[in-house]
Every structure is written in C-alpha cells, then in structure tokens.
Amino acid sequence: MSLAKLADIDRRVFYWILFIALMVPFLSPIGFPITLSPNTQDLYDGVTGDEVEEGEVWILNFGYGVSAWSECHPSVTVCTKALFREGAKIIITGTHYDVELTYNKLQDTCRADFDNKVYGVDYVFLGYMTGGESVVAQLGSDIASVYPQDHFGTPYDEIPMLEGIVDNADIAGVLSSDTGDYGGHFMTQWQSAYGTKLAEIGIAMNASTDLPRWQAGNFFGVSVGSRGGAELEQLIGELGEATTAMDSISVSHLLLILAIIVGNIGVITEKLGGNK
Amino acid sequence: MAYPTATLDVIGLWVGWFLMLMIYSYPLYKENVSYRFAEHLFIGITLAITAITNFSNIMRMCITPLMQGQILMIVPLILGLMIFTMLIPEYRWVSRYPIALMVGAGFGLGIRGTIKPNLQDAIIDTITAPTGGGLIDWFNYLWVAVGLVCSILYFMLTFEHSGALKTPTRIGRLFLMIALGGYFGNTVLFRFTMLTGRAQFFLQVLKLIPM
Amino acid sequence: MSNIFKQEVVYAITGIVTLLMIVEYFFFATNQIWAETIRTWAVIIFNISLFLGAIRLTMSHSVRIQEKRRDWQFSGVLMAIFVIMLLTGIAGYISTGVQTSNGIYNWLFNYIYTPLGATLYPITGFYIFSAAYRAFRARNIDATLMLVAGCLVMLKNAPVGEAIWVGFKDLGNWVQFTGQIPGMRTLAIVGALGLIAFGFRALLGKERGFYAGGSE
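Chains as they are written, first to last, in this note's numbering: chain A, 3 to 278; chain B, -16 to 194; chain C, 4 to 219.
Treat the hints as calculated values from the structure; they're not laboratory data. All values reported here derive from a predicted model rather than from experimental measurement. Some hints could be false.
[What the hints assert, rightly or not] Within a straight-line C-alpha distance of at most 25 Å, the following computed PhoX-like cross-link-like pairs (lysine-lysine) qualify:
#1 LYS91/A with LYS119/A
#2 LYS83/A with LYS119/A
#3 LYS91/A with LYS107/A
#4 LYS83/A with LYS107/A
#5 LYS99/B with LYS107/A
#6 LYS199/A with LYS99/B
Chain A with its partners taken away, still in its complex shape:
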C-alpha cells in the first residue's frame, strides 16, 4: 500500500482502532513499571510526615468536573487519605458546579478513611464558589464571607472545626485540583501574598505551566494528571484507578507515536529523495 493511499484512509478507521485498543489492556493487563517523578515525590512528602501536624486545617479545592475524574481524582484520593492519616482536618471547597458529585465520589474512594472521621469535626464540605480571582482573594481574607453556611445549610459558626478559622492565617496548606487556573489564583492570592503552602493536583495539560512554578518554589509539589495519580498510589501503597489505567494510556500513546511516524515517513522520504 503506498503512502498516498495510507493518507486517504477514512479517519473513522483510526478512531475505531483507538477505541478498541484502549479497552484491550483492561481485559488483559500488561503491568508496565511506573517510576517516580521528583514533583510527585515532593507533593507526597508535603502531605505526610513532619510536614503535617495533627489538628491543622487544610483546604482541598475541587476545580474539576466529571470529565476530569480520571485525571485528577486518583491524586486527590491519595492526598486526602494521607492528610486524614496524619490527623489533619480538611475543608473541601469547589469551583466547579458539579462539585457535589465529586465530593460523593471522594467519599466513595476514601470510604475507610471517612468512616473514621466525623463531619463538622474532622472535615467539612463548604460547597461551590465562583468568581475567579476575586473569590479566591476574598476566601483568603474572610472564609465566612464566601461561605456563610456549608453546602448543607449549617451556619459557619455552628460548625465545630471552623471555630477560630477566619482567614488564610488559620489554614496550614491548600491543595488545588483543577482543570482551569484556580491553582494560579491560589498562587497569586494565597501563596505569594501570605506564604501559604500550596500544591497543585492538576490535569496533565496544566503541567507545562505548573512545573516552572514548582521549580520556582510557588508550589511545594505538583501531580501531573493520571501519571501523577499512579505515582502517588505507589507511594501510599494502595494501587487504584490511575495504576489500572496506565496500561491503556501506554497503548494509546504508542499508537499516537506510530501514527506520527507513519505520517512523517512521506516527508522524510521526500527530503531524502530531494537531497539525492
């Protein structure tokens, strides 16, 4: 088959090949080893051990919706488990309108850890907020002005764990997980303004913007999409969704690179033919 004919193949053929190829590794796992990246190690070190004191309050912000569950949720699950096991308390906020679905999923994936905790004492779900940089800045000044009640309608000052929690000074750290740039907003309005510890659990697409910030010290750690999730699952010793998906990710990436190589064979042969 000539290269010109290859280029004429209906693109739907490629879509079917990809769709089927993605499913095969789930039916027949391969188990490629996963090595750790320094940014993920830093993130894990920042939410475990000496970096976290018992009783200190962290904010976990859900900035991702159902479409990015496979990217961000495994990392969020591991970080939640790690913080709970260190005895930290967690305030869960959200900047995506389906945050309640994500909160329910987190309870499902961290079932054993949540069963040992009491709502309002060890964790609280404040719910949805929106307003870009303004709302993040206001959250740093006065949390109760953004959340006069939690998601379930309980007034702020009736929630035991929020007693004395007024602003950024009372928050030990922030884990921002998002598909947009709320991590950047927390960086400009919390980390650079008040020095609050901040880490990003982002989609892979944000890695290119987040890694320079990690290198500059603005983030204490960065998790890069599902790959970061798989690495974190290895670190905590509880393999889950991200590790399971890595074989399928490998197959899809390999297919894409093969497609790029095949597509460029024509260009390369043209150039070699021209040089002769």
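With the hints as your guide, set chains B and C onto chain A.
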C-alpha cells in the same frame, strides 16, 4: 464503587452507557439524530444545574445575610440585577456599572498578585546559578537563562526582528517550539486519560471488568 | 451630562476599585474592610451575571421552537430537560436547602449529566489522534523540534516509553523539567507584563473594550 444492585441505579447505569454510545456515534460513525439528541440533553441539563447552583450560591452569600440584617447586601443585589439591562439595547449602558466593579476588582487583584510569582520568583529562579553542580547542572542553567532571554526578545514586537535581533529572536522561537511540543505531549496524556476512563466505564457496565 | 454617567463615571469606578485592591495589598498590613466588601460584592455580582447566559440560551431556543426552525425538536428536548431539572432542583432546595435531596434531580444529575459530561469532552482525544497522523509533519526545524519534544514527553508520561528504552524517561524528564522551562516561563512573564499594562490602562480609563456597547 461496586456494581449497583438497586433497580433505579442499574437502569441509570445502562441509560448512561447508551448515552455514551450516542455521543460516540458522531466520531465513530457520522453526525446523526441520536448524537444531536444527547448533545441537546447535555446542554439543557448543564444549564439547569448551573442556574440552580448559582441560585443557591446567591441565596447563601447575599439573600440569607440580607434577611438576617446585613442591609448593605442590598447593594450587590441591585448591582447584579443591573447586569440584566444588557438585554435591553437602549438601557445597556446601565450594565456597565456592575461590570466596572467586577473588572476593577479583577484587574487590581491581578496586578498585585502577579508581580511576585510570575515575575520576581520566576526571574530569581532563572538567574540563580547551581551551587556545586556538575556539567549537566550548568548546561541546564545556561539553557534556561539563555532560552528565557531569547524567548522574551521574540515577544518584543515593537522592534523589527532584523540586524542584531535576528539571531536571538530566531533562537527564542526555537525555544518556544520546544515548550509547545512539551505542552502538546502533556495535552495528549490529558485527552487520552479521559478516553481511557470512558473505555473503562464501557467494560464495567458490561461486567467484563470489576467496577 | 448623560455621557458622563454612561462613560466617565464608569471608568472612574474601574480605576478606583483597581487602586483600592492595589493600595490594600501594598500599604496595609491586614485586610481592609472596604476592599473586602468590594470583593464580596464583585463575587455576588459575578454569580448573578451567570444567569445572563441561561436567559439568552433559553430565549434563543424558545424562539426556535416557536418559529419551528430547523431541528426545533432538539430545542424542545433541551427546554424540557431544563425545566424538569430546574423545577425539581428548586423543589429540593426549598424543602431541605440542598437541591440533590430531590430524587428526580439527583437521579438525572448522577445518571444523565455524569455520563454525558464525562463523554463529550474526551471526543477531542479522537481528533488529536487523526490530527497527529494527518497534520503533524516535520517540514522544517521548528516543527521537528516541536514534534520531537512532544514525543519525548509522551514517552515519559506513558510507562511503555521506559519499558522500550530507559533513555526515554531521562530525555522526557529533561524536556519536562528543563527543556520547556524557558518557553513556558516566557509565556508567564509576558502574560504578567501584559496584565499589568492592561490593568494600568483600565486604571487610567483608556481601556474600554469590555463594556457593553463600548463605543457610546
């Protein structure tokens, strides 16, 4: 989450499975009635969820405090309602007031917040030489420093990229190409992970793999 | 006179609020009540303004149904599900303060919204695949560099890369942690400088493009 047993949940799971196939009928087959049906269903449902979530937000942040005696909360409520004059052409100018407040707050916060992390910290990290590093560390340091300078020169569009600026701006462009290539590589992981999640769901509903 | 209220007062408000935020940050040790109040108002106004999109979309689809334009039946589906979700959500909110307490709303949220939301965005993964085959050509040095950097990062992200050759991990790490840093950092710096310049133009009343009917 285990495979549900309640009838409504099982029905919901299969409804979701078929909706997924209806959406995928577009790339895998061609645009068709079922795809358009699913697409419009999604838009309608998202619209409603957004409206209700924002409504509950406004109740929580504005209306409830107003009812509890914070009279000043009437101001953002009135300003917010003024936004809707955007729908009436002859009174559209009234909506500029709430927009002015939002834009002013956004710009002020942006200006004050961006200086330290995006300028100061970035430049300090770039110019900080490695202490006791080997050859590779020094190569990386020079790569970042020279690359940053050349790339910034590329964005100086008020000067023509000729003469003394020709070579550095050309080099800057190459550095930007590498950055965009890295960005593309990460984007691929993001997109394929989402697809992988759907492939997994496809098999889980059919009970070919555990949920 | 009316022009002052339509333009000058508006620009003055933008400038004053911008200045307020900057002064609070640089000149006061603790947060100031006036800046906090303005920020809270800005957030509330932002929340209210999100209804504008819902109103416009509802108006446009209602017109399509009334005039029976092409594919008006799908607009009917859209409006029907919108009304059902809205009413059930409000019913849930009124009864318990949480919209998902209504069974119908909760079921639709979990079993209609979730699979649709999780499926629509990943379609772009298919398009990346066909685009990589058809459009990603190494025709010159710029495109080649971009292609090579992209492939190295892909082979680093996917565990198969390291399984094929351990060098892919090292090269991919180099691109990820050093190679792309100058370019991405440049974009951040240039973006920050642009934001500051744009903000000062807004402060001085010279930036008017974002006001509705800005030419009046």
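- Could you grab the alpha-carbon distance between LYS91/A and LYS107/A and see if it respects the 25 Å cut-off? The hint holds at about 19 Å.
- Satisfaction of hint between LYS119/A and LYS83/A, Cα-Cα up to 25 Å: holds (11 Å)
- Task: Take a quick look at whether LYS83/A and LYS107/A sit within 25 Å of each other, Cα to Cα.
- Result: holds (14 Å)
- LYS99/B and LYS107/A: Cα distance at most 25 Å? violated (36 Å)
- Task: Decide if the proposed pair is consistent with the structure: LYS199/A and LYS99/B, CA atoms, cutoff 25 Å inclusive.
- Result: holds (15 Å)
- Query: Taking 25 Å as the top limit, are the C-alpha atoms of LYS91/A and LYS119/A close enough?
  - Reply: OK: LYS91/A and LYS119/A at ~9 Å, within 25 Å.
In the structure shown, a violation is registered for the earlier hint numbered 5 alone.
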